[in-house]
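Undergrad: Generate coordinates for the entire structure from the input sequences, incorporating the hints supplied.
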Amino acid sequence: MNPEEMLTKVGRVLSPHQVITSDLCSACEVDGKRPAIVARPQDAGEVGELLALCSHEGWGVIPWGSGTQIGIGNIPRRYDAALDLGALDEIVDYDAANLTLTAGAGCTLRSLQELVEGKRQLLPLDPPAAERATLGGVVAANAFGPSRLRYGAARDIVLGLQVALTSGEVIDVGGKTVKNVAGYDLTKAFVGSYGTLGVITRVTCRLFPMPPERRWVLVGFDRAGDAFDFVQKVLDSVLLPTSLDLVQGRVVPNRSDVSLWGIISLEGTHEVIQRQYRDLGTMAGGAHARHVEQLADEEPEGQQVRRLVQDMPAVSPEPLVVRLYVPISAVGSLWSAVQHLEAEGQASLNLLARPGLGVLYLMAQARDAHLSTIASTLQALAGEMGGHAIIERIPPEHKVHLDVWGTPRSDWPLMQALKARFDPAGILSPGRFIGRL
Amino acid sequence: MDFKELLAPYMDEMLRCTRCGFCQAACPTYDALRMESAVARGKIQLLLSVLNGRLDLSPKLSYYVYRCLDCRLCQQTCLSGVHTDEIFEGARRWLAHVGALPAPLQALEQRVFASHNIAGEDNAHRTLWRENMNLEVPAGQPAEVVFFIGCVASLYPMVYSIPQAFVQVLQRAGVSFSALDGEEWCCGYPLISAGRDAGPLMEHNIAAVERLGARWLVTTCPSCYHTWKTIYPPTSFQVMHATELLAALIEEGRIRPAHPPTVRRAGDAAGPLRVTYHDPCDLGRKSGVYDAPRRVITALPGVELVEMSTHHALATCCGGGGNLESIDPELSAQIAGRRLAQAQRAKAEVLVTACQQCQRTLGMAARRQRVRMPVMDVAELLLSAMEEPA
Amino acid sequence: MDESIIRTLQEIVGPEHVLTDPEDLLLYAYDASIHAGRPDVVVFPESTEQVSRVMALAHAHHIPVIPRGGGTNLSGGSVAPQGGIVLTLSRMTKVREIDIPNQRAVVEAGLYNLTLQEILAPYGYLYAPDPASQKVSTLGGNVAENAGGPHCLKYGVTTNHVLGLEVVLYDGRVVQLGGKAFDTPGYDLVGLLVGSEGTLGVVTAVTVRLLHVPEAIKTLLAIFDDLDGASQAVSDIIAAGIVPATLEMMDQLMMRAVEEATHAGYPTDAEAVLIIELDGLKDDMEEIADRIAQICQRNRARAVQVARTAEERDKLWAGRRGAFGATGRIKPAYLVNDGTVPRTALPQVLRQVREIGQRYGLPIGNVFHAGDGNLHPLILFDPREEGILELVERAGAEIMRICVEAGGTITGEHGIGLEKIHGMPLIASPAAIQNMRWVKEAFDPVGLLNPGKVLPQTSEGVPA
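For the record, the sequence lines run as chains A, B and C.
Be aware that the first sequence starts at 1, since it is given in our numbering, and climbs by one per residue.
Be aware that the second sequence starts at 438, since it is given in our numbering, and climbs by one per residue.
Be aware that the third sequence starts at 828, since it is given in our numbering, and climbs by one per residue.
These aren't lab readings, by the way, just hints derived from the structure by calculation.
Among the hints, a few may not be true.
Straight line, CA to CA, 25 Å or less: simulated PhoX-like cross-link-like pairs of lysine-lysine [to be verified]:
hint, chain 1, residue 1, chain 2, residue 2
1, C, K981, A, K233
2, C, K981, A, K119
3, A, K233, C, K921
TA: Rendered as C-alpha cells:
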C-alpha cells in the first residue's frame, strides 16, 4: 500500500501529528511485517472512523497497546496500519465505593493499579510485563498471572467494554454491575479475541479490597514428584493461596541448591496468613521439602519473587515460549513429560508451572531448525493430555507452517461465522487468530 | 353438563400456586416420570384451564388427576401453602360425579359396593388371615378393644403376618380384644379417595363396633386409621393405631421385649441391628403419628434406629399411596424401588413400617431388585424380640 | 404439526416420550413467569444423540425448538409463543464424571443443581452457583440463564464456573466447547453460550469447576427497623473491604410470607433483615463478624444474631430460597423484577421502588442479593382484577428504568426472555443489539432456537 495515498485518506479522520510513517513504523513490526502507517487516534470515535476506513479500503489493521502480547498470533495476512491506542488513557469513572473502575484501553495497568492502591483497593491483574502492559491489551489477550488462582483472569474481572467496530460504530457492552444478563454476554466475545472482532477502547473492571497483608512462601524440593505431591495436597485442602507456582531451582537466586521451588502467595489478616504458613509447612514436611521460608511482599526480596513468577514468560530470552494447558492434576506428568526434550539434548528448558490453573510455561533454547518440531510436539502432547498449547513466541519463519493456536476443533466453524459477521472485510489482525481467521 | 361448579370453590386455592415448580423436588411420581403431568403445579394448571374454559374434560385429564399417590408431600413442602389435598379431592369428586373415573377405579368401586371389601371376595373370607394359626382369636364378642384388620391384611396372603403378629402380642400382653370378621366392611377410604361417598360403609362399621361395647378401636392399617380418625363422624369409642397401643403396652410394662429381634443378618454384620422406619403417609403426614412406632423400635434390645434421607413429615411415599397402584402398577413399583434404595443408602439391615400397603410395595420391590433386606411391620419386629411363651 | 414429523419424533425418542395431546401441550405452555405460549409437541430425549436427531429434523422442517429444563424460568424464557417443539431435557440427568483430582465434574443438562451439590458433598467439594431454585432448576437451565444465587457475591456467577459445554447446534451438529482445561484457543464461545437463554444452541452437558468446601461458615442475621439503615449497611460492609459469601436482604412483607411458610425464625415485626454469611478459614472469622456487627449497629440495626447450629442456618436459607414461592400467601401472582444497580444506589432505588408501589397501589415485596446490588422487587397482584396486568407491567417497566438510570441494568440473573424484551433498548444501543444479532446469526442462521426471546424484533419487523 502506498503510504502517501493512505496518509491522504487517513488525513480525513486524523490530524497529521496523529499519524506516523516510514522507518518509525518499525516499532510496530509484527512477525517481521511492518505497517505503512501507525495511527494514534484520540478517542473511540476516531478509532471507529479509522476502522470504517480500513474496512472500506480493505487495509489490514492491528490494534496496539504497548505490544507486550503482540507476538502471540500467526503471521498477519496483511498489515497496512497499526492502531496505537496509547492516547486512550482517560480514567473515565473510578467508583471506589462500588469497587469498579472504568478506564481507557491505553491506560497502563501499572498506572491504574497505583491509582486504586491509593484507596486500598486492588485491580488483581498480574500478567507478564505488567509495568508496561495496557489495560486494553491485557483484556484483548485475556492475559493473566499467578493470582488468577484467587481472582480469575480478565474474563472474570471485566464487567463491561466499549468497543469500536469495523462498521465504525462504537458500542458499550456489559455494564458496571457484577451480575448482568441483559442480552448476550458480548464482553466474553471480545475478551481474549486478540483484536480480531473489534477494538476495545474502554474497559470497566471489578476491583477488590486490598488485603491487609501479603506474603510469599518459598518451598524447596529435591524431586519434582515431591513438589507435585505437595501441590496436590495444597489444592485439595481448605487453604486459599492467592497463587501457587513451581519453578526450577536455579532461577531463584541466593538460596540453597534445590531442584524445584514452590512459590506461594498468601493474603489476608496476619492470623490467616500465619495459620496457612504453618499448614503449608506441615504439608511441605510431609512431601520431603528441604527448605521453607516466608517473605513479606513489600520487602525487596518479596518483590523479586513476585517479578520472577509474574514476568518470567516475558523476560526469559529463549526463542521458544509455549503456554501449555492441561487438566490441573496432569501438570506434574506434563512437567516430567517435557523433560525428555532436555534429556535427549534437543533443547535446554526453563519451566514455570501454575498447577492450580493447569498451566505450564515452557521456555526453550534449541537449534533453530528444531524449534517448530518442538512446538508441534508440545501441541500434540498437550492435546493427548486433554489440553492444548499456545506458541507464544517463535521466530516468524516457523509460523509459516505452524498454527500457533493449534489445530482448530469442531467449534471452529462457529468462530469463522462470528468473525465473518463482526469483520466482514477481514481487516482486523487478519490471519493472526486460530485457523488463520 | 360438566358440573364445573363442583371445581369452582377451589379456584382461589389453585390460584395461590405461583408455579415456582418446587413441588417437582417433593413429588415421588414426578421423580419417576419427570413429566409436568405428574406434579401438583401441572395438575393445578390443568384444572384451572378447565375452569377457564380452555380445556375440556377428557379421559387423559382424569388419568392425570388420579395418577397420584395422594401422599401430600407437595402440600407439605409448598411454600405458598397451597392445600393440594382439598384441590385434588375436589377434582376427584368432580370427575367421579361426571362419570370420568378411570376404569380400574370403577371396577374397584363395584367390588367394594358388592362385596364390602376391595378384593371382591366373599366378605366371610375375612377370617382367612388367621385360619392357619394355632390361636383362638375372639371375634364378634364384647370386648374393650376392637381390632379392625382392614381389607388388605385380611385378604392378601403376603401381609397376613401383620395381624397375626399383632394379635399374638395383644394376647401375651393380656389385652381383651375382639375382631369383627365378616361384620367388618371396607372402611370406605378407597371410595372416598376416588371421589365417592362412603356413608353406608361408615354407618355399618360404626354400628358393628358399638354393638360390641368397645371403648377402643385399634387398627394396624394407617388408611383405616386415618379414615376412622378424620373422616368418620364422631364415635362413642376412641380410635388408635396399633403402634400407639404397642408403645403404650411397652411403656406400661405389659410387654417386655426380652432379646434382640430375630431377623436374618448378613454374615459379617456386627453391632446393633440397624433398623430404619418408613413413615406411612396416612399414619405420619396425614395423621401426625411419627413417634409411637419409633418408641416401639427403640425399646427393643440390640437395635439402632437409623433414619433414611427423608423421614417424618418429609418421608417419601412407598409408591402404594392413593390410587396409583390401580392406575399404573409399574410406576408404583418404580417409586417403591426408589424408597427401598433410600433404605439401602441408610445402610439399614431391616426396613420396618407400620402399614400393610407399604410393606407389600416395599417387600415386592426388595424381591424384584434382589435386595436381601427384610421388610416387616413394627408388630412383627416386636414379636420377634419377645420371649416364647412357656 | 405434520403427522409424519410426529412419527419421526416418536422413532427418535420413543412414542411414550412424545406428547401431543391438548392436556400435555398445556402443561408445557407455562413456566414460573407470568408468560404463556403453547407448543405443538413436547419431546423428552435421553441422550445427546437424540437431541441431535430432533434438531436435525426440526431444521429440515423449519420448526422452532424451545429447550426446557425444570420450567422455573422467571422471564418467560421456556414458553413457546410461536409454537414448535418443546425439547425437555429432564431425562438427561447422567453424571458423566466426577473428577476430584482435576476439580471438575461433567454432568448432563437435566441434572438439578442441588443434586449435583449432594453428589459432591461427600467428596468435600461444591459447585458455587446456588440459585434459590436449586432444588428444581437444572444445570442446563442455569447455564442458559447464567444463574446466580446468594453465594455469587463472593464466588461469581455461572459463567465463572463453567469451563466446557456440549452443545447441539441448530442443524443437529454436536460441538464441544471448552473442556476441563482453561482458555481453549479461539473465541470464548462458552462465555457466549452461558446466558444465551437457549437461543444459540441446546446445551446437553456441562463441565463445571468444583471448589473445596470452606473450612468454616458463619451466618449472621442483622435486624433493622428501617430499610435505609439496612441498605446503607450493605454499602458500608463492602466499602470496609469485607467480601462476605452472601449479603442478602429481605423486607417485612416478604418475611411475613416466608415465616408463615417455613417458620425459619425471621422477625416479622422488623422492616428488613440482612442475611450475611462468611466462609473461608476459621482464624479471622470471629473478627470479621464483629466488624460487620459494628457496621450494622452504626446503621441502627436492632440486633445482629448468629446462627448457632447448622439447623438454624439451614432454616434461614430454606426461608430465603423459598421466598418467591411463598408469595402465594399474599397474592396469587407476582411479577419479579431483576434490575441490578451499583450498591451505593440501593437506598435511593429502594425508596423509588416503594414510591412506585404506592403510586400504583400495588404491594411490592423485596428479597434480594443486596451485596450484588441485584434487586428482586416482587409486584404482587391478583390476575382476576380487571386491567391489573397492564398496571403491573407498567410498574415493572418503571422499575427497570430507575435501575438503568441509577447506573445499573434491567436483569442480573433471570434473563430477558419474553418479559424484558421491551426493556432491551434501555441498556443496549441499536448497534449493540445488532451485534447480538450477529452472534445469533452465527450460531443459528435460520432462527430456530427459542425464537422471539432475548432480542427485540428489528425495526423492519423481521424476527430476530
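Undergrad: Does each hint fit the structure? Answer for all of them.
TA: Here's how the hints hold up against the structure:
1. C:K981 / A:K233: Given pair K981 of chain C, K233 of chain A holds - Cα atoms ~24 Å apart, limit 25 Å.
2. C:K981 / A:K119: Status holds; Cα separation ~21 Å.
3. A:K233 / C:K921: violated (29 Å)
The structure shown violates just one earlier hint, number 3.
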